[in-house]
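Asks: Based on the hints, put chains B and C in the right spot on chain A.
Protein chains in written order, with our numbering: chain A, 9 to 506; chain B, -5 to 109; chain C, 18 to 351.
Hints are supplied without guarantee of correctness; some may be wrong.
Unchecked claim - Selected chain C positions facing chain B (in silico; Cβ < 8 Å):
1) 46
2) 53
3) 100
4) 101
5) 114
6) 131
7) 193
8) 228
9) 231
I should point out that these hints are in silico values taken from the structure, not numbers from a laboratory.
Idealized CB from N, CA, C, for every residue including glycine.
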Amino acid sequence: MSAPSLLLLAPVLIPLLGAMLAFIAWGRRRTQKAIGLTAVTLLSATAILLLIRVQRQGILAVQIGNWDAPFGIPLVADLLGALMVTLSGITGLAVGLYAVFYMDRKREIHGFYPLFLALLAGVNGAFLTGDIFNLYVCFEIMLMASFVLLSLGGEKAQLEGAVKYVALNFLSSAIFLAAVGLLYGTAGTLNMADLAVKLSSDDTTPIATIISMLFLVAFGIKAAVFPLFFWLPASYHTPPVPISAVFAGLLTKVGVYAMIRVFTLIFIGDTPTTHTLIVGIALLTMVTGVLGAAAQFDIRRILSFHIVSQIGYMILGLGLFTRVALAGSVFYLAHHIIVKTNLFLIGGIVRRLQGTEDLGRLGGLYRSRPFLAVLFLIPAMSLAGIPPLSGFFAKLFLIVAAIEIRAYISVAVALGVGLLTLYSMTKIWNEAFWKAADRNGESSGNESRVLPLYLPVVGLALLTVLIGLAAGPVFSLSLEAADQLLDPSQYIRAVLGK
Amino acid sequence: MELIFAATVAVLYAGGLYMMLRRNIVKFLLGLAMLSHGANLLIFTAGGLTRGKAPLIEPGADAAAAGVADPLPQALILTAIVISFAVLAFALVLFLRAYRLTGTDDLDDLRSTES
Amino acid sequence: MMAAKLYSIDLSLSLQPLHSIDVLVAGLIIVAAIATTLVSSRFAAIASLGVVGYAMALLFILYGAPDLAITQLIIESLTVVLIALAFYHLPPFHHRSSRRSTIRDAIFAGAAGLMAGSLTLLANQQLFAEPVSQYFLDHSWIKAYGRNVVNVILVDFRALDTLGEITVLGITGLGALTLLTFHRSHRKSAAHLTRISLILRTAAGYLTPLMMLFSMYLLLRGHNAPGGGFVGGLTAAAGISLYALAFDTGKARRLLRIHSITFSGVGLLLAAASGLFGVMKGQPYLTGVWRTFNLPFFPSLKIGTPFLFDVGVYLLVIGVVVTILFSLAEEEDA
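In isolation and in its complexed conformation, chain A is listed as follows:
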């Protein structure tokens, strides 16, 4: 197996083997920790190498089991896939580092590390697989790991959140599975590139469009778009911070990714129907999410509702379906994964310092922790879209794309939701950092316990600034990714060799 194909395999196999080794080291906390850290480090390194390779030499594909396409299962890395895997590696590394210092002993003993690694394996598998049924399997790995992580520790709020999470996600999986079965029943294949070929004629479009609706619902639930998003804000804030950070940063994006993948590769026969519908869903998601956030007073709950509204932006780019719009979506994905993970991690430091995330009881952090305050400001202002941070450009590209095709409603909604996001971030800032502390001299002397947590937070904040400063190059990378998405023949050629 040549070096590039190994590179393609690594992001899936490293966390998978790591999870299995950690599994076998059941009960040995230190060994599991070491395995976990090694795996996320290797993962992020190989993911970056993969991205560089794909950017330089084009789409990479390997046939697992050495069976010719379309009979076996291929792994494929186009720019979007490689970029997503890289982001997953970065998130994995940051959260892994944070968890080593944050996670409580008991949760570690009860399997945090194998679960975390299995989750990453599932996520990366979903980003790289070129087979629709294998995508389902990867989703299930990711979901099952997230089910267990979400309920790990078994606190009351956690279990209540988990019940809803499991219920909705099971429903989504059942719909996904049925859609795959229907697809095989009509096209006789599961390879996504092959599906794109076989469903490209005019005869096939009506049925493909009908089946695509099922995919839209299934991925929509997983991505938490309107109207089935309520499970996300009901569950994401309940588990320990590192877990909810990786959920918030990475997990919903897998749904968005899957939606982008099938609606740029397979279901493009009737875009006036499908993609217009997607725009509508996107706008409703943006509005409901941001309004939900305005009513909340707990840091992680506010942030959870914002995930919903931001997912709307990412879907909007897919719905508008132009080069700039898709590039905007890709850029948004990259920006949001980093920023959101970081905000949750910062929420964890706040919690450590003040023992709560309830805004009513927080306060005075600006005076006692100016450094933390600045660290919070970077991702928060970025999320709200203040120039020159990454979020500003993410929104800018989408709005420019919408203006280009005169989608003025989208423009108006995107601007309005941006303003309301700013309001939410200001609210956290005012309550937690700016207003006077409730109780005086609150610094509870946890300095040594908090200090190592700054490392991943600072790293992610620097990355956010960097994306803002290097918006040009990052956006041109997004444009390249969008070009590949809009011209499926590249993907098909890489997989099927024709």
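Replies: Here is chains B and C on its own, set in the frame of chain A:
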């Protein structure tokens, strides 16, 4: 025959969904199981029905005889059966713990994380 | 716009003739499914759900899917056991929903069911291209050395799916264990599942080893005939459960020598590592590597990495099923 299979799929889906919408966690679990049956039968039927001939290669032959059942949907269903069993088993344990902790088996009462 | 385009779909049906047995079995599924939703006793509900599952297995047998039928049978039994174990800790059904929401839900569920049914029929009738599975039927023996095409798909052609599937299963075992033991302060001693009966003990003494042997037979023949690592593992797990039923869970756990969750980890790793042989030979992950052995009684016996993979599946299934069943059985009474 296909009409009857399709009708069976319809009943399994309807029954499963209806049970999942009851507020009782045990009914929810039963509904989950029934919906999985529905999905499996859907894949089986959608992939085309072949009566009687299993996709086995006779000793001495190099390839399967013409007209045997399509093996791929079967493999997919096998995978799906196992995965849905896994989800069901986990959901069962989760709901059991949730019931122990909250003292209610009414899904509508599990609301404290929403406000 | 959608409606206009729908008209271009060819809606004429080509159907297979009705067989009275099949109609009967399908009818049984329908009746049992409706019964499950309507009965007010939970034990009646679980029993009729069991009927649905077993009747599904019958349909699978009738329509050329013996592997599916066996798996369905065993999984159905396991599901019923699991739900029954959990019922022991859960309250009986209460009627909660108002009449209005009941009607609303019924209409919604009915509409969704109707949609699922018609889509099934649609996909069954439309086929735009020759299915890729013809390749598997043609090459399963000459290229992958197996006569049971379904098993070859699982352990070779689409082994990556199976690797994912057993990962899911492994995580479930871990999850069940974690949820049930996280707050247990003391190590719960082994649970007696039944009042100890001498007959059962004597029977288990013979039956458990027999079932273990049979499970290995199923594992070995799986590549060429119905069977395989998954079904074999389930059979072995059933044997161990029987042992637990006759003695206690602690004694049965000791049959595995190591913690059941570690056991499943070993199985997972074996399956995943079997794919690395191909990588070492410069081929993609999970490429089958075969060796021919000339053993007494078995001249030119071909053994390959897909078999190792299946052994991994076998071990994992044992570990996970034992973990889940035993931790549920050892759950304390409230």
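Asks: Which hints, by number, does the structure contradict?
Replies: 4, 8, 9
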